[in-house]
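Visitor: Residue numbers (the numbering used here), protein chains in the order written: chain A, 575 to 641; chain B, -8 to 154.
No lab work stands behind these hints, which were simulated from the structure alone.
Keep in mind that this is a model prediction, so the values were computed, not measured.
Mixed in with the good hints, there may be bad ones.
[To be verified] Taking lysine-lysine and the DSSO-like style, the derived pairs with C-alpha atoms no more than 27 Å apart in a straight line are: (1) Lys619/A x Lys29/B; (2) Lys632/A x Lys113/B; (3) Lys121/B x Lys101/B; (4) Lys61/B x Lys632/A; (5) Lys121/B x Lys619/A; (6) Lys29/B x Lys118/B; (7) Lys599/A x Lys68/B; (8) Lys61/B x Lys29/B; (9) Lys599/A x Lys101/B; (10) Lys632/A x Lys(-4)/B; (11) Lys118/B x Lys632/A; (12) Lys61/B x Lys121/B; (13) Lys600/A x Lys29/B; (14) Lys600/A x Lys101/B; (15) Lys(-4)/B x Lys599/A; (16) Lys118/B x Lys599/A; (17) Lys61/B x Lys(-4)/B; (18) Lys600/A x Lys(-4)/B; (19) Lys118/B x Lys61/B; (20) Lys68/B x Lys619/A; (21) Lys(-4)/B x Lys619/A; (22) Lys619/A x Lys113/B; (23) Lys632/A x Lys29/B; (24) Lys68/B x Lys632/A.
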Amino acid sequence: MNLVFHARTKHVDVDYHFVRDRVAKKEIRIHFISSQDQLANVFTKPLPTASFIAFCFKLQVDPSHSA
Amino acid sequence: MISYKPVDTPISTSKVIILPDPLFSDATCFRQIMRALKYLTFSRLDIYFIVNRVCQFMHPPTYSLWVAMKCILRYLKGTTTQDLHITRSSSFALLSFTDANWAGSIDDRKSMGDYLVFFGQKPISWKLGKQRTIARSSTEAEYKALANGTAEVIWLRYLSTDL
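Produce the entire structure from the sequences given, and follow the hints as far as they go.
Guide: Take a look at the structure:
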């Protein structure tokens, strides 16, 4: 693999190599997540009611379980 | 607040926080409520985003922030029974979601990055914050968020092996 970055992308290299290194050591696995399944979406922008409720359900912020 | 009608979401998708704006008169009252809301985000991930957003403009509080905060309170009024319920889970997988909002901060055009880590099926760690440097592309912003999420997962991994 070519580990050399060119000037235009040099600023990403630290983060890139950090993640790449961990993937190479098999400590983590990276997957693509489509926006519909992206749970972190609820932290980045205001969502319309329907998708907001769906995300809350997936985040397990449910109506109280009577303990 | 007792007479207010509940709303479905804590934030409006159409309105944005605009600066400058007339100042809100009772800053102490505003900060006290925001402090309580910040504390509540420990068990309510659904309001984490908007509370974080409002907290960025705390000094000095403006009228539109006060309106945004009232919207959160109205949302909470309708969802008082919700909470984060941690139960026994058979899965021990650490799963992290990371995302970035490129140039999401309207004032300085810094990007917002966040991660959300699940242990089994329950979220155990999450963070949303402004990235320290200005990303020149959305890919760069996503990479930074990915690196932060990775660091958190690796730390949690070491922690779980120590237990």
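Visitor: Next step is simple, just say for each hint if it's right about the structure.
Guide: Status of the hints after comparison with the structure:
1. Note on Lys619/A and Lys29/B: the hinted pairing holds, with a Cα-Cα distance of about 18 Å set against a maximum of 27 Å.
2. Our distance criterion of 27 Å between C-alpha atoms is met by Lys632/A and Lys113/B, whose separation comes to about 9 Å.
3. Restraint check for Lys121/B and Lys101/B: the C-alpha separation of about 7 Å stays at or below 27 Å, so the hint holds.
4. The straight-line distance between the Cα atoms of Lys61/B and Lys632/A is roughly 26 Å, inside the 27 Å bound, and the hint therefore holds.
5. With a C-alpha separation of about 13 Å, the suggested pair Lys121/B and Lys619/A falls inside the 27 Å cut-off, and the hint holds.
6. Restraint check for Lys29/B and Lys118/B: satisfied, since their Cα atoms lie roughly 13 Å apart, inside the 27 Å limit.
7. Simply put, Lys599/A and Lys68/B have alpha-carbon atoms about 48 Å apart, too far for the 27 Å limit, and the pair is violated.
8. With a C-alpha separation of about 14 Å, the suggested pair Lys61/B and Lys29/B falls inside the 27 Å cut-off, and the hint holds.
9. Restraint check for Lys599/A and Lys101/B: not satisfied, since their Cα atoms lie roughly 32 Å apart, outside the 27 Å limit.
10. For a cut-off of 27 Å, the pair hint linking Lys632/A to Lys(-4)/B stands: about 26 Å separates their Cα positions.
11. With a C-alpha separation of about 17 Å, the suggested pair Lys118/B and Lys632/A falls inside the 27 Å cut-off, and the hint holds.
12. Distance restraint check for Lys61/B and Lys121/B: the Cα-Cα separation of roughly 24 Å lies within the 27 Å cut-off, and the hinted pair is therefore satisfied.
13. About 37 Å separates the Cα atoms of Lys600/A and Lys29/B, which puts this hinted pair outside 27 Å; it is violated.
14. In summary, the hint linking Lys600/A to Lys101/B is not supported, as the alpha carbons are separated by about 32 Å, beyond the 27 Å threshold.
15. Restraint check: the Cα-Cα separation between Lys(-4)/B and Lys599/A comes to about 53 Å, which exceeds 27 Å; the hinted pair is violated.
16. Annotation: proposed proximity of Lys118/B to Lys599/A holds, straight-line Cα distance about 25 Å (limit 27 Å).
17. The straight-line distance between the Cα atoms of Lys61/B and Lys(-4)/B is roughly 11 Å, inside the 27 Å bound, and the hint therefore holds.
18. Simply put, Lys600/A and Lys(-4)/B have alpha-carbon atoms about 51 Å apart, too far for the 27 Å limit, and the pair is violated.
19. Under the criterion of a C-alpha separation no larger than 27 Å, the hint pairing Lys118/B with Lys61/B is consistent with the structure, at around 24 Å.
20. With a CA separation close to 22 Å, the supplied pair Lys68/B and Lys619/A stays within the 27 Å bound.
21. Restraint check: the Cα-Cα separation between Lys(-4)/B and Lys619/A comes to about 24 Å, which is no more than 27 Å; the hinted pair holds.
22. Among the hinted pairs, Lys619/A with Lys113/B is consistent with the structure: their alpha-carbon atoms are about 22 Å apart, no more than 27 Å.
23. Among the hinted pairs, Lys632/A with Lys29/B is consistent with the structure: their alpha-carbon atoms are about 22 Å apart, no more than 27 Å.
24. This hinted pair checks out: Lys68/B and Lys632/A have alpha carbons roughly 21 Å apart, not beyond 27 Å.
Consistency with the previously given hints fails for numbers 7, 9, 13, 14, 15, 18, ordered from lowest to highest.
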